[in-house]
Amino acid sequence: MDIKKEIEQIKSSAEADIGAAKTGTDIENLRVKYLGKKGPIKDVLSKLGALPPEQRGETGKLANELKNSIEALLQEKSGSLDPAAAAPAAPKVDISLPGKPYRTGFRHPIYKTMEEICAVFSKLGFSIVYGPEIETEFNNFEALNIPLQHPSRDAFDTFYVDNKNLLRSHTSPVQIRTMLKTKPPVRVIVPGKVYRPDTPDARHFYMFHQVEGLMVGEDVTFSDLKSVLSMFAQKMFGSSTKTRFRPSFFPFTEPSAEVDVSCIICNGKGVLAQAEKEKACSTCGGSGWLEILGSGMVNPKVLQNVGYDSEKYTGFAFGMGVERVAMVRYQIDDIRLFTENNYRFLRQF
Amino acid sequence: MKFTYNWLRDYCPELPESINAKRAKELADALSMRGVAVEDFEPIPGAIIPGGGAASIPFEDWLFILEITANRPDLLSITGVAREVALLTGSQLTLPQSNFSRAKTDNPFPVTVEDKNLCPRYTGQVIKNVKVAPSPDWLRKRLEAIGLRPINNIVDITNYILYETGQPLHAFDLDKLIGGKIIVRAAKKDEKIIAIDGKTYNLTPDMLVIADEKRPVAIAGVMGGLETEVTMSTRNILLESACFDLVSIRRTSRRLALSSDSSYRFERGVTYESVQTGSERATALNAELAGGTPTGELIDLNYIPREKHTVKFRPARAKKILGIDLPAIQLRKILTGLGFAIAHETPVFYELEAPCFRPDCRDEIDVIEEAARIYGYENIPVSVALPMAVAIENKSDRVDEITRSVLSGAGYDEVMTNSFIQPVMQKDFDFWSKDAPVNALEGQTPSDKYLRKALSPALLGVIKTNEDYREAGAERFFEIAHVYFTGSGGNKFSEKTVLSICAKSGDIFELKGVVREIFDKTGIAGISYKSGIYACLSFDETMVVTLADGRPTGIIGKIAKQAADRLELRCMPAICEIDMELFYEAAGLERTYRKFSRFPAIKRDLAFVMDKAVQWSEIEAAVKAGNPANLEELAFFDAFEGGKIPQGKKNLAFSLQFRAQDRTLSAEEVEREMQKLIALITEKFGAVLRTF
Chain A
0 MDIKKEIEQI KSSAEADIGA AKTGTDIENL RVKYLGKKGP IKDVLSKLGA
50 LPPEQRGETG KLANELKNSI EALLQEKSGS LDPAAAAPAA PKVDISLPGK
100 PYRTGFRHPI YKTMEEICAV FSKLGFSIVY GPEIETEFNN FEALNIPLQH
150 PSRDAFDTFY VDNKNLLRSH TSPVQIRTML KTKPPVRVIV PGKVYRPDTP
200 DARHFYMFHQ VEGLMVGEDV TFSDLKSVLS MFAQKMFGSS TKTRFRPSFF
250 PFTEPSAEVD VSCIICNGKG VLAQAEKEKA CSTCGGSGWL EILGSGMVNP
300 KVLQNVGYDS EKYTGFAFGM GVERVAMVRY QIDDIRLFTE NNYRFLRQF
Chain B
0 MKFTYNWLRD YCPELPESIN AKRAKELADA LSMRGVAVED FEPIPGAIIP
50 GGGAASIPFE DWLFILEITA NRPDLLSITG VAREVALLTG SQLTLPQSNF
100 SRAKTDNPFP VTVEDKNLCP RYTGQVIKNV KVAPSPDWLR KRLEAIGLRP
150 INNIVDITNY ILYETGQPLH AFDLDKLIGG KIIVRAAKKD EKIIAIDGKT
200 YNLTPDMLVI ADEKRPVAIA GVMGGLETEV TMSTRNILLE SACFDLVSIR
250 RTSRRLALSS DSSYRFERGV TYESVQTGSE RATALNAELA GGTPTGELID
300 LNYIPREKHT VKFRPARAKK ILGIDLPAIQ LRKILTGLGF AIAHETPVFY
350 ELEAPCFRPD CRDEIDVIEE AARIYGYENI PVSVALPMAV AIENKSDRVD
400 EITRSVLSGA GYDEVMTNSF IQPVMQKDFD FWSKDAPVNA LEGQTPSDKY
450 LRKALSPALL GVIKTNEDYR EAGAERFFEI AHVYFTGSGG NKFSEKTVLS
500 ICAKSGDIFE LKGVVREIFD KTGIAGISYK SGIYACLSFD ETMVVTLADG
550 RPTGIIGKIA KQAADRLELR CMPAICEIDM ELFYEAAGLE RTYRKFSRFP
600 AIKRDLAFVM DKAVQWSEIE AAVKAGNPAN LEELAFFDAF EGGKIPQGKK
650 NLAFSLQFRA QDRTLSAEEV EREMQKLIAL ITEKFGAVLR TF
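Quick note, the sequences are listed as chains A and B, same order.
Numbering follows numbering that gives the first Met the number 0, in which position 307 of the first sequence is assigned residue number 306; successive positions increment by one, without gaps.
Numbering follows numbering that gives the first Met the number 0, in which position 265 of the second sequence is assigned residue number 264; successive positions increment by one, without gaps.
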């Protein structure tokens, strides 16, 4: 047969076959049929040698064009098929095998939470400052208007390391340190470890963490305090979080307030919707509120203690327990888990 | 502090006779939102209104449990709470009256107060011919409801009036007072007293006692004595009502580990005024319930009526603190409702007389707090505009952050360990100090632990904890935290921030590698590693991490067998401990772009057999000293001994990368440099080139 004719025939048969192809397997079969080692194009090319030399070039060119056009048709058809149908019956690689092990480290929930709290306040313009954990009695108590032998010290049972120095029972002494070396305005946040001689149980441990905040300036008001802490609560616990300020007493602030946030578990409803009946939320004890922060306007006596003009400058301070925030957030029921460092605990964060 | 609704109503008679659970919650919330924190409230069992059946039937009475802050001694009485309730509900406050008459006597009971500072007011009322008997039902029920055990009418009256007025009282059996007198004095050395709780207390001269002629009959303000207590055979009593120095009472109570309803109130402050009110209320009840005859006038020592305390209050100052104007009419109502008297008024300030029962209201700020409290914090709006400020970022925080992210990325888990540690665990971990560790004062330290002077022992403790649980994944840990020292420099105590990394594998090069990555990422160059000796580390595998300026900044090493045994470890981990404070100083976080060559590199490997003693650092130095042209990078990749390598020798392999800034290097150029290097190393170290 005339080779040119043969090429024509191959082309029309390939066009018909490709047009009828329905699946990826069909395409693959046609690829083998036309372009494979035993396919008609290979056959045509093998016959080129028998042709007169003047015809070889042209015929070879035709054969190559045919090959390219079949490839293009296959490609085009394959692209137009439904991808699911286009896929071969099964991949050759067992993709159910696990990925290669890349294990990054876990962050401790306390340090992580502390960083998150600080990050929120950083965005509100609070600079992070630190202080020593072994403090003077003066900075921890007297300068903060907590006189010796006063019942207000009951809340601050303390580890003494000698008769004048102690393990700080709160991060508030850093307020004093900061104000003694800085002129107002002051806007700082103080994360750190604190110590109180409690007997360890599910809710108490003698070492824990606090984040303390202080803002002092010429026109810092209780209204600003409410504003900053509401923003914090929304950023930390979710934008629908509500805050509630209750009058309280701290020797170093006046007026003082306990700050509650609406329970993040029951959304402040106090109850958890159950399948049949409603059950009191165990996180907030059914009140719908979680006690998270202590706060207040810096007591003028504290400002005077650091040499600030308490008529000119006002300020607010607040503090929160990092363990408390983390326990609420992660639903952790035993504070001792934090220092145990059991891998089965650590790996959850 | 506890009170019952029914009892409260005695002083707020306008309140509804009974309340249901919903109303009880409303009252609790209202009090809490005004600073009288209600911890809990519950129905009093057996107090259901007759006829009630279903759960919705109102309870007749409710118990409220309050958490009273240290600044409010006035709220340690039900009348004090009633004053708040009256103000919050806008109802009338009705304080109880004392109506009784006294029999005359020519022999007033003799009382002497030796230390007037510790006992600013002491009163006694003699009541004769009392009939000791169980209290009437209503009184017993009220006491039981707030958790007190009824004893007899005389004792119950003192407790009842303590809760009503906040004034602690004590009744002595008058006939048991030896010598017929009372002396308020300091305890004598080695004096003892058996208190009414049946326990014997050893007294010291800094404690105040109430004594008769022979012995102490009460620990002043804390607890009465057993020998003079009222019993069923008591006929005549001396009713004590006094005021003691709060610091003295607190110290005594703590020293004796003995706290009572009385000491709790004295510590927080009992007013001069309630001394008399309390005594008279109790006397009247005694006459009424025990048929006693108050005999003689009230014996009243040291009463120095205090001057009215005036406070200047400026509404403008309140605005500066609170951020809002308090409406004048409301303000006046709040202040007078709280018991303040307006002594003088100008357009810019009020001169207020503070009520005697509010010793906490001394300064203007105290009054501002009171005004805000009653006005309601929820009524103070959130400010709309806060001045902007830029937070200063600490270099140390950045370095910590980078360190944590490198370690996390490398698969190290962050832990948080206890700052206290048992001495045996940190023995020999003298990286930073050989001095004794810091100890919290004797008897205070939890389970006899000291503050840590190195962080690594705590991390090894974490390895141990997880080993006990057979946790396969628990292999790499780190923490950044403080360590504590005594006697360093001029300070008595000091502390610093350190990083500890711990690898269960025991491979010090794993730690050296991750530390190097931290140095790279924090821009610390020129680190070198020197050998060091620490008793807790294996001598062969210890390196001191040294900064470019020569200061040691940390240690990497494998735990010595002895230390591992002391820590009861089944493995021998490698640890690293770095002084972060030096690290913060050395870190260079700024980056500058350097132009790089766009031409391809040529890489060559070399391996030599050489003496075992030759260190990689020597080879590295020799190659660099040879200054090969276009050498871009020199990197160790392998060292081994044994097999075909002769005894005492080792195989050391490394790679070299060449690149020119301005052209593509030719193989010949590189080959020339390689030959020079091979000759150099062969000659200098007696090494033999290995061929592949």
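There may be inaccurate statements among the hints.
[Said to hold, decoys possible] Computed spacing ranges between beta-carbons, pair by pair:
{"no.": "1", "chain 1": "B", "residue 1": "Arg148", "chain 2": "A", "residue 2": "Asp156", "range": "49 to 55 Å"}
{"no.": "2", "chain 1": "A", "residue 1": "Gly284", "chain 2": "B", "residue 2": "Ile391", "range": "48 to 54 Å"}
{"no.": "3", "chain 1": "B", "residue 1": "Gln614", "chain 2": "A", "residue 2": "Thr181", "range": "47 to 53 Å"}
[What the hints assert, rightly or not] Here are some of the chain A residues that sit facing chain B, going by a computed Cβ distance under 8 Å:
{"no.": "4", "residue": "Ile109"}
{"no.": "5", "residue": "Phe137"}
{"no.": "6", "residue": "Gln148"}
{"no.": "7", "residue": "Tyr159"}
{"no.": "8", "residue": "Lys192"}
{"no.": "9", "residue": "Asp223"}
{"no.": "10", "residue": "Phe344"}
It is worth saying that the hints were derived from the structure and are not from the lab.
Remember, it's a predicted structure, so these values are computed and weren't measured experimentally.
For each residue, glycine too, the CB sits at the ideal point set by N, CA and C.
Do the hints match the structure? See the list:
A beta carbon spacing of about 29 Å between arginine 148 of chain B and aspartate 156 of chain A contradicts the range 49 to 55 Å that was offered as a hint. Take glycine 284 of chain A and isoleucine 391 of chain B: their Cβ atoms lie about 40 Å apart, and the range 48 to 54 Å is violated. Under the hint 47 to 53 Å, the C-beta atoms of glutamine 614 of chain B and threonine 181 of chain A, about 51 Å apart, fit the expected range. For isoleucine 109 of chain A, the suggested interface contact is upheld, since its CB lies about 5 Å from the closest CB of chain B, less than 8 Å.
Against a cut-off of 8 Å between C-beta atoms, the interface hint on phenylalanine 137 of chain A is violated, since the closest Cβ of chain B lies about 14 Å away. This hint holds: glutamine 148 of chain A has a C-beta 4 Å from the nearest C-beta of chain B, less than the 8 Å allowed. A distance limit of 8 Å between C-beta atoms decides the matter here; for tyrosine 159 of chain A the minimum to chain B is near 4 Å, and the interface restraint holds. Interface hint at lysine 192 of chain A: satisfied, since its Cβ lies 6 Å from the closest Cβ of chain B, which is below the 8 Å cut-off.
At about 5 Å, the closest approach between the beta carbon of aspartate 223 of chain A and any beta carbon in chain B falls short of 8 Å, and the interface hint on this residue holds. At about 10 Å, the closest approach between the beta carbon of phenylalanine 344 of chain A and any beta carbon in chain B exceeds 8 Å, and the interface hint on this residue is violated.
In terms of the numbered hints stated before, the structure departs from hints 1, 2, 5 and 10, listed from lowest to highest.
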